[in-house]
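Q: Residues per chain, in single letters:
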Amino acid sequence: MNPIKDLNKIFDSRIRLGIMSALMVNAEVSFNELKELLDITDGNLASHLKTLEESDTIKVQKGFVGRKTNTTYSVTKAGDKAFKAHIAALEEMIRSTK
Amino acid sequence: MSEQQQPLDDLQHIKRMMERSSRFISLSGFSGIAAGLCALAGAFVANKKIHCWVKGDCTMEALIDMGGIVLLNDLLWIATVTFISAFISAFFFTWLRSKKNNIPMWGSATIRLFWNTAIPLMAGAIFLIRMIQLGEYELVAPGCLIFYGLALVNASKYTLGEIRFLGYGQLTLGIMNLWSIGYGLWFWAMGFGILHIIYGIMMWYKYERQISTSAK
Chain A
1 MNPIKDLNKI FDSRIRLGIM SALMVNAEVS FNELKELLDI TDGNLASHLK
51 TLEESDTIKV QKGFVGRKTN TTYSVTKAGD KAFKAHIAAL EEMIRSTK
Chain B
1001 MSEQQQPLDD LQHIKRMMER SSRFISLSGF SGIAAGLCAL AGAFVANKKI
1051 HCWVKGDCTM EALIDMGGIV LLNDLLWIAT VTFISAFISA FFFTWLRSKK
1101 NNIPMWGSAT IRLFWNTAIP LMAGAIFLIR MIQLGEYELV APGCLIFYGL
1151 ALVNASKYTL GEIRFLGYGQ LTLGIMNLWS IGYGLWFWAM GFGILHIIYG
1201 IMMWYKYERQ ISTSAK
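Residue numbers (this note's numbering), protein chains in the order written: chain A, 1 to 98; chain B, 1001 to 1216.
One or more hints might be untrue.
Estimated spans, in silico, between C-beta atoms of each pair [to be verified]: (1) B:Q1005 with A:V60: 54 to 62 Å; (2) A:T71 with B:L1096: 30 to 38 Å; (3) B:Y1168 with A:E91: 32 to 40 Å; (4) A:D39 with B:I1088: 55 to 63 Å; (5) B:Q1006 with A:K77: 21 to 29 Å; (6) A:V60 with B:I1119: 27 to 35 Å; (7) B:W1095 with A:S13: 31 to 39 Å; (8) B:W1179 with A:K68: 37 to 45 Å; (9) B:I1111 with A:K9: 50 to 58 Å; (10) B:V1045 with A:N44: 52 to 60 Å; (11) B:E1138 with A:T71: 52 to 60 Å.
Which bits of chain A does chain B cover? Going by a derived footprint, with three or more residues having C-beta under 8 Å, they are [to be verified]: (12) 13 to 19; (13) 23 to 29.
If you are wondering where the hints come from, they were derived from the structure by calculation, not from laboratory data. All figures in this text were calculated on a predicted structure; none of them were measured in a lab. Note that the Cβ used here is the ideal one computed from N, Cα and C, for glycine as well.
With the sequences and hints as input, model every part of the structure.
A: Shown next, in the form of structure tokens:
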């Protein structure tokens, strides 16, 4: 009974954890909002988003606001499940080390 | 030791990010206090105006100039100035706080808070304007309190949850006022003045005090 094995490798980065937290409580969040929230550079954010996207944790919607591109992100069903399991594992770790 | 710390830090990080991205949490206690003081000042001036009108202490020229509607106009002006100054001072302290905590003020959380507060307030404003047109002046003060209370209860889902209790307070006063017609200004001062100040002090005590004492 080792809860660490349940921790999802995808979420071991603080930034990806932050992205997921924001997406869990909002239907969709834009690239710029995430950038402001996490206070990181475009390149850094994009690479973390790519990791999440490739693992089918989040999905991307590309749209336009006027002539500007507006890319928004939301969690997939699998991502929602994985994140909740990750939180449960974190809780379990705290409980077991008490 | 650090093994125990890591998951706890992670959970706190998640909580913080969820709050920052979904609720507008920069609302400062000082905003409540400032808005309350503005309301008290407004109520004081309005009270003087009404007294001057009712008792006839006003100067002769003033009485001649005024034809009934002037008092109402004055009161509307006082209300407008009070509202604008309360809004600006409330905005100022919240802006200061969001700057200090390095939280962007204009995100989707702010827009959501704005609309969810504005919709009940706008509906209330239209309703009250129509009421004034129909001459139902007694119901204006309770109407203000009730619509404002509803707006706060609605807003509580998008900002600090405690604002819900301020909303309940305003609603209670507004409803009590319905059966104490003629004391509108007193209820108005209680709700917009005293309750705001109490709420502001409590919020400051709960969320901002630690920051200011630990920053010494």
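Q: Each hint: holds or not?
A: Hint-by-hint comparison with the structure:
1. B:Q1005 with A:V60: 54 to 62 Å: Roughly 34 Å apart at Cβ, these two residues miss the hinted range, so it is violated.
2. A:T71 with B:L1096: 30 to 38 Å: Given a distance of about 32 Å, which is inside 30 to 38 Å, the answer is holds.
3. B:Y1168 with A:E91: 32 to 40 Å: The hint (32 to 40 Å, Cβ to Cβ) holds, given that B:Y1168 and A:E91 are roughly 33 Å apart.
4. A:D39 with B:I1088: 55 to 63 Å: violated (29 Å)
5. B:Q1006 with A:K77: 21 to 29 Å: holds (28 Å)
6. A:V60 with B:I1119: 27 to 35 Å: Given a distance of about 31 Å, which is inside 27 to 35 Å, the answer is holds.
7. B:W1095 with A:S13: 31 to 39 Å: holds (32 Å)
8. B:W1179 with A:K68: 37 to 45 Å: Violated: the Cβ-Cβ distance is about 55 Å, outside 37 to 45 Å.
9. B:I1111 with A:K9: 50 to 58 Å: violated (35 Å)
10. B:V1045 with A:N44: 52 to 60 Å: Holds - the Cβ-Cβ distance for B:V1045 and A:N44, about 54 Å, lies within 52 to 60 Å.
11. B:E1138 with A:T71: 52 to 60 Å: holds (54 Å)
12. 13 to 19: Result for this restraint: holds, n = 3.
13. 23 to 29: Satisfied; 4 residues make the cut.
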